[in-house]
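Chemist: Protein sequence lines correspond, in order, to chains E and F.
Mapping of the first sequence onto our numbering: position 75 corresponds to residue 75, and the numbering continues sequentially without gaps.
Mapping of the second sequence onto our numbering: position 290 corresponds to residue 290, and the numbering continues sequentially without gaps.
The hints are simulated quantities; they were obtained by calculation from the structure and are not laboratory data.
Incorrect hints may have been included.
As the list claims (entries may be wrong) - To spell it out: a stretch of chain F is covered by chain E in this simulated footprint if at least three of its residues, at any positions, have a beta carbon under 8 Å from a beta carbon of chain E; those stretches are:
# : segment
1 : 10-18
2 : 34-43
3 : 52-58
4 : 142-154
5 : 316-325
6 : 470-478
Ideal Cβ positions, reconstructed from N, Cα and C, are used throughout, including at glycine.
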Amino acid sequence: MSLYSAIGSAMSGLNASQAGLDLVSRNIANSGTVGYTRKTSVVSNNVAGGEGIGVQTLAATRNVDNFLQQQIRTETGKSSQLGVYNSFLSRVNNMFGSPDSDSSMAASVTAMIGKLQAVATSPDDPAARQTFLNSATNLTSQLNSMSQQLQGMRLEAEQNISTSVDTANTQLKTIADLNNQIAQRQATNVSVADLQDQRDAAIDKLSTLMDVKAVQHDDGTVSIFTGGGQLLLDKQPVKLTFDEHTSLDATSSYNIDQAKRTVGTITLQNGTTSVDLIASGAFRTGSISGYLDMRDKVLPQAQSQLDELASQLALSMSQENMNGTAATSGAATGFSIDTSALLPGNSLNLTYTDTPGGTQHKVTIVKVTDPSVLPLSNSTTANPNDTVIGINFDQPMVGIVADIQAALPASVSVSNPSGNVISFLDDGATGASDVNAVSATVTSTGLTDSGTGLPLFVDGNGQATYSGSLGNPPQVVGFAGRITVNKAVIADDTSLVVYRTSPQTLIGDDTRPNALLARLGDTSRQYSATSGIGSATSPFSGSVDSFARRIVSVQAAQAQNASDNASAQSMVSDALQQKFDSETGVNIDNEMSNLIVFQNAYAANARVITTVKQLFDVLLSIGR
Amino acid sequence: MQISSYAQSLTMRNSINNIQTQLQDLQKQLTTGLKTDNFASLGDARSLVLSLNNQVSQSNSYLDTIQTTQLRMKSSMDVLTSMNDIGSELKTGSLTGPFDLTSGGQTNLQITAGMRLSQTIDLLNLNVGDRQLFGGKNTQTEPVVNSTLMLNGDTTHAGLKTVIAQRNAADLGDGKGRLALTSPSAGTVSVSEDAAGSPYGFKLSNVSSSLAGATVTGPAGSPAATNVAFGAPLPSAGQSILFDLTLPDGTSTTVKLTATTDSPPAAGQFTIGADAATTASNFQAALGSSLQTEAKRSLISASSVQAGNDFFANPPVRVDGPPYNTATATIAGTPDNTVIWYQGDDSGTAGNNFIATIGDGSQVAYGARADQGALSTVVKNAALLAAVTYSGNDNDSAAAYSELTKRTGSALNYDNGGQSLQSVITDMGLKSATLDSAQSRLQTQISTSKSVLSDTQNADPYAVATQLNALMTQLQASYQVTSSLSKLSLVKFL
């Protein structure tokens, strides 16, 4: 108990007030800084030898709700994922234009049908024929350009994934560095609150890219895990790599089998082990997950819808149905059919009945020349009521017949009476089966003398025939990007009318245009469920233009859902963020009142020192 | 709990931003008049908008088809009405016109028919919008050849006149219409067709007799023949025999011979001789003379009419000759030797060659064709009248002309039961009415669809203006509060 100890205490009070003022000034200065949390000075009674000797200023701390913080990270991850959905899908939606002007591709299909009708009304009018071809060309360019845009967006997603992975690596590095600094400073009782703010900002940024979990350790460091549980950072960050592909088309796709994968994947490198993070399902939220979904699911589905439309458009025009001719052999009756006109993807259609019982079976025998795609699934055709058999026709007839027979019951006998003719006969006297009908669906390649159909649409600049061939990849994949109007038809627009050469079709004959109109308007046409419209058991069926309209409404609905989901999610994460900011941010009124407190404390401590000085003066003046 | 100043101002800023976004959207709605500029934000209405837009566009194509088809039908009906008038004029002339020959060996009616033929052909060759209306699917060739070529032909192609002349020669034969009169034995006269299966000349269909003592057998056999054998007693005056003869165009005539005691007998009579042999000889001479007269009157007219049928058939039918007067068969004319009057398309059913789709699943088949019976009848009969000439010196000319005009008049009256031109016009009128009603239905549908579309897509300016006002008030209030709040800081009071 001495004046010296009083002056010591007052000095410590002055220091504490200064430190407090310093914090107030920093808090006020950062009141508008994003991610800044309010720091509070912690003081304690400084005790030496059982006696208080003044006040001690400890490291400034912050007050953060870790649970809320983790919740915010989860929600912002979802929010940025849905943001990606919204931004991509709104662009898909924009491809359809405004409903008022109706420039969508569905409207183009309708417009083309309207022009075809004008050709049917005036087949002899060259202007009508050219206008129709022009509208068909417009439609194909629209499909090509939409397909190109979709693939462009997939490539953009690929590039964005690459950038995001780089950013994630940078953030992990930052977190690791901050971890070290925090651990060192915490060990020496220095304030780590500001570094924690910085580290939180880095983790926040990381969580907008992917779903991560931060686990706190006693030494002040954090470990980072993916939502799926892979360790991203402990002492050292792992390295994420992305083998970006610089060009994508409709056939590029992700595959767990690395040999078949034609797009990039994210690999986690930790020492000598590497893990395919996409295969292990590490990305559930965050923008990377959004980009992955776009690249691998949503945009390819939009593409497959356009492909299906293009495919049906081409096939509706060019496919002909060829009926088999009745055939007998002893007591066995049935039909035979010439298969020489069959192109890959074309089919033989067999209907037979079990007798007695009367169960009717429809079998579609699809011509395949690439045996690697066999066996075919039943969903190869949109028709849910048939059994699909894929047969490799790239072999001698003996083999073809044997393959077909192997796929059919013994009561239906398959034979090759001559050339490329295949006969399907029942079992005659035994009476266990009846062959009801055999027909072939073939794609015409020439402009005349193969029925009233017309191969108006062809595949790519090479003008290849489109027959929906099944290969690796199937011809339908990306067809919307390649479909073009047959140059031979453009060169001679009368082929829209002239369907046979003997006797020569008259130019005023409306048979072919009317037939083409009927094909486009055929409401019993069925569409593959792989496009996501309709289901395998109840496929979408309707005219080609109604399918086009369905695509527009499906895509627009998807865009609207994405937009609704994104705004709903951003409201959730904004609300949480606001709550967090409110609780951890700086309130200027609070700081100002603290300022007054510290100011007063400083003044009071200074007053103590002045008083002690006066006491010393009095003491010293005694000796004079 | 404290509220950070930053969060407080952030909240304020967010809500003001939100209001401003809404304001911008409403402003856009007000200026464009539309609720949205993309399909996504149309919401549940998008399927409706898509299908209505499709319906409007589809209906407009139907309307285009209807308009084009109507133009064609109306033009066709005008042509057919004119042709019907021509047909009526020629029919009336045929049934009432006098036989007054002008210098060219034709009556006024025939000269008029020539001019009407040219007019009819011009009408049938009418081209509407680069398209022949009456040639079926061959819309690029004039369907009917010009009247000069049709009637006169050229050096290598036989025209109607040549075909008539050859047919006349074949039907007349030696003048008795290809019937041979012989006397196989005394008292018996045999009348026989000159060749079995020959389409030419008179065809014996029936003989009926009231001649006493005369035995009539036949017509029987091939070629058909009939025998009249006179015996005792001899026929008495006033008794008669009737020969029913079928003519080349399917009509028939009757040659009647009456027994008389007059010598020489008047036309259509034969003198009863002293015995059967003389009577038979008289009978044979009188029958020969009557047949020759009948041949020059009804047979030649029927022959010309049939020649017309032959020429207007597809392919044309020609006499297998020369020689023509002894020909016994027909042969098909070819484009190399005969004028083919109809150059259009002859496939399918005439009158239904074109299909107009005028609604979902609703089609109208239309299109009259020059070779359709009702139309070609007018051309054929006008051409027939124009092709035949008469000699003023021949006593049978007036009767022959009357036989011809009787037939043209009947054909133009459509007595044979085929579809008349009037009924073709009526038919087309009904189809045109169908098109009219489809048109008004489509127009109503389009306007209904458009009004639903605008209800769905258009922004209601009153609603938008009201919302704008409300938002503006809200925004003003927010600014007011912001400004008041900003004054509420401890800083101001220290």
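Chemist: Look at each hint and say if it fits the structure.
Modeler: Here is what the structure says about each hint:
no., hint, in the structure
1, 10-18, "holds (count 3)"
2, 34-43, "holds (count 9)"
3, 52-58, "holds (count 4)"
4, 142-154, "violated (count 0)"
5, 316-325, "violated (count 0)"
6, 470-478, "violated (count 0)"
Consistency with the previously given hints fails for numbers 4, 5 and 6, ordered from lowest to highest.
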